[in-house]
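**Student:** Listed here are the chains, written in short residue letters.
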Amino acid sequence: DGGITQSPKYLFRKEGQNVTLSCEQNLNHDAMYWYRQDPGQGLRLIYYSQIVNDFQKGDIAEGYSVSREKKESFPLTVTSAQKNPTAFYLCASSMVGAGVLNQPQHFGDGTRLSIL
Amino acid sequence: GESVGLHLPTLSVQEGDNSIINCAYSNSASDYFIWYKQESGKGPQFIIDIRSNMDKRQGQRVTVLLNKTVKHLSLQIAATQPGDSAVYFCAASPNSGYALNFGKGTSLLVTP
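Order-wise, the sequence lines are chains A and B. The first sequence: position 110 = 110 (the working numbering), numbered continuously. The second sequence: position 73 = 73 (the working numbering), numbered continuously.
Please note that the accuracy of each hint is not assured.
Cross-link-like lysine to aspartate or glutamate pairs, in silico, EDC-like; alpha carbons within 20 Å at most [as the list claims (entries may be wrong)]:
(1) B:LYS104 x A:ASP38
(2) A:LYS9 x B:ASP17
(3) B:LYS42 x A:ASP109
It is worth saying that the hints were derived from the structure and are not from the lab.
Given only the sequences and the hints, what does the whole structure look like? Please build it.
**Tutor:** Written out as structure tokens, the structure reads:
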């Protein structure tokens with residue numbers, strides 16, 4: 001079945017440690033996104049990528065980094081510079097392209113990151 | 001920038017009744033709107049979307065209404081069922097790109 005796979009489901013980070021969250025999609029979507037969700041809140045955009053080897057900062061990119069070396073993969077690294085990383089992280093993908101109107105973003109089931 | 005908000009953080013309805021969840025947006029240039037359903041511990045699930053050239057769109061048991069004059073949209077769920085209990089988010093996209101701006105969500109509780 002086509003979809004978006006995020007791993008791991010739960011992740012714990014020690015102080016001063018970088019951790020990487022995985023996101024893989026087999027929907028053949030060009031665009032991928034990372035969002036952060038805090039309890040009782042909406043989703044806030046961290047980074048997004050509309051094409052391989054290119055990505056843009058979202059509203060809350062500080063303390064995070066991404067790469068987009070393959071169409072299917074968009075890993076997110078939470079660096080030690082992110083002082084409040086405890087949150088639910090959601091990855092999404094969508095179709096984009098010249099002449100393509102906005103298409104729904106499809107989400108994975110998230111990674112819950114906590115501090116040890 | 002865009003600000004998207006929901007009018008009520010929680011909504012309780014009886015099984016079988018119709019539900020209406022409201023959302024307001026701030027950017028009059030927004031041209032794409034979408035509703036998601038999120039169950040506990042899971043990612044948002046697409047429900048229905050609408051573009052600014054429409055004022056109503058229907059799906060299976062759901063209808064989205066868009067009022068561009070007052071920058072308001074609503075999600076109507078017919079014959080609400082216990083499985084509809086979840087948090088519902090609206091999101092809007094400005095015409096400059098593909099990023100979505102999300103509201104904070106309304107928690108829908110369906111009681112028997």
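**Student:** Give a verdict on every hint.
**Tutor:** Okay, the hints, checked on the actual structure:
no. : hint               : verdict
1   : B:LYS104 x A:ASP38 : holds, 10 Å
2   : A:LYS9 x B:ASP17   : violated, 36 Å
3   : B:LYS42 x A:ASP109 : holds, 5 Å
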